[in-house]
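Undergrad: Take the two lone chains and join them into the complex the hints point to.
From first to last, the protein sequence lines stand for chains C and Z.
Take 1 as the starting number for the first sequence in this note's numbering and just add one per residue.
Take 1 as the starting number for the second sequence in this note's numbering and just add one per residue.
Derived from the structure by calculation, the hints contain no laboratory data.
Note that the structure is a prediction, hence the values are computed from the model and not measured.
We put the CB at the ideal spot given by N, CA and C, even for glycine.
Result set (SDA-like, lysine to any residue): computed pairs, CA atoms no more than 20 Å apart in a straight line: (1) Z/K121 with Z/I59; (2) Z/K93 with C/A7; (3) Z/K93 with C/E8; (4) Z/K56 with Z/P67; (5) Z/K56 with C/M53; (6) Z/K56 with C/L64; (7) Z/K56 with C/V49; (8) Z/K121 with C/V49; (9) Z/K121 with Z/M64; (10) Z/K97 with C/A32; (11) Z/K121 with C/T41; (12) Z/K121 with C/F60; (13) Z/K121 with C/S50; (14) Z/K97 with C/R31; (15) Z/K121 with Z/L69; (16) Z/K97 with C/M35; (17) Z/K56 with C/A57.
To spell it out: a stretch of chain Z is covered by chain C in this simulated footprint if at least three of its residues, at any positions, have a beta carbon under 8 Å from a beta carbon of chain C; those stretches are: (18) 25–35; (19) 104–116.
Short, incomplete list of chain Z residues facing chain C, as computed with Cβ under 7 Å: (20) I41; (21) I45; (22) A48; (23) D49; (24) Y52; (25) M79; (26) G82; (27) V83; (28) V86; (29) K121; (30) L122.
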Amino acid sequence: MAHTPMAERPLSPHLQIYRWTMTMATSIIHRATGMAMMAGTVLLAFWLVSAAMGPEAYAFAQGLFGSPFGLFVLFGYTYVVFFHMLNGLRYMFWDLGHGFNPQFADMTGTVAVAAAGVLTLLTWSVGLYLRGGF
Amino acid sequence: MSIRTPYARVQGLGSAKEGVGHFIAQRLSAAALIPLFLIFIAFIISIADADYETFKARISSPLMATPLLLLILTGFYHMRIGVQVVIEDYIHKHGTKLLLLALNTFWAVGGALLCIYSVLKLSFAG
Chain C
1 MAHTPMAERP LSPHLQIYRW TMTMATSIIH RATGMAMMAG TVLLAFWLVS AAMGPEAYAF
61 AQGLFGSPFG LFVLFGYTYV VFFHMLNGLR YMFWDLGHGF NPQFADMTGT VAVAAAGVLT
121 LLTWSVGLYL RGGF
Chain Z
1 MSIRTPYARV QGLGSAKEGV GHFIAQRLSA AALIPLFLIF IAFIISIADA DYETFKARIS
61 SPLMATPLLL LILTGFYHMR IGVQVVIEDY IHKHGTKLLL LALNTFWAVG GALLCIYSVL
121 KLSFAG
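Same shape as in the complex, but just chain Z (with noise of 0.2 Å):
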């Protein structure tokens, strides 16, 4: 049973239903950011002037791999639904709004894709 008008619900005004589940992924993804970046920060110290094939050794580790590749991969996702929050907020403009939160979509699957790739290739290419 619903109070709202036929004309509301043909416009598809209304809940989304997924609130509550963007809120979680957002809390969630954040826990987990805080220790993959104390781990990324203590990494690059250790890296900050080793010559390439140390370097090289040390990221192709798995204990440095591994949350590596999970600080990109969380760290991306916190970024893609955090900044959609912004536009949606702040982009009024139905075509620009759109279009920024599909340039959003893009840049975090394919910046993350970068940054993975990048990091297997160093740990098992030549």
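Looking at chain C on its own, in the form it has when it is part of the complex (with noise of 0.2 Å):
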């Protein structure tokens, strides 16, 4: 059967046919985000074997993490874990059987971009802050 050729059959629409809502929007991100973590489960594992192999090792993980694009790719991963969190949390309202009314749906995808964004620079500030960046 695997052998058989496959017909030119009609495709159902993809995509590319739908206009893009938020509902469609945040259901993507979520998916990309958790595939974007498990790359930084990678920057999780090579940090923590670093700093188990010994003080030069950490200090040159460290480094690399304190270097410009190191800090842009932790600024980004903290956004990409915060909207997964707040995606996830409506989610969970979903599976309660909560929040599906179109408009209210958009409105809490919104949210959970936009907060998700607040959050992110709110960790970042306290963060500098307490180190005296700023």
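TA: This is the structure:
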């Protein structure tokens, strides 16, 4: 059966056909951020293994994460986790049967995108402030 | 009493009767990860500028090592079952799917163990 050539059949409409909506966008971003965090686990493992190898390896890892590009990646990583967390909370309320009204679902999606940004900026502000950065 | 054809039964089609457990595990680990992640952020900020000895002392405190180990276990577990769904949704070629599912599990277990071993070494060795 696996060798039967597939007949040309009409396909159901896919992403490029539909107008983008907030619920669709947040669903896609949720998966994308999930996959991004899988890459992030490599960073976590790299950091902890470096720390366990000794002061020199730890200083090297801290130097990488503290470089402009390292800080940029960590800043993005912070947003990714906060978004996934807030949007995941949305899904939990859906699982309990709440929040399905289209207007309300769009609104909570916008809130998740924006609030993740606010929490990211807040986290980095507190971090830089406590380090005496500004 | 089933209305499925004997052929479908032989092929092993139909429900595996495991879906609900997967669904609950995904949500339960997600809920647990919320406080664990917030604790981790606070920890990262607290050690951002610290020297190695201070960092080591903080990470090996039971009150920090325990939530960190929980974060590692729960996070890699949540990743394992979440990425599994993404692979099953988008990869339809049988061999590729099996390979990616296996790699997902290998990294979930191997990555988690790398992290856990490192935290324990920082806590107990030297």
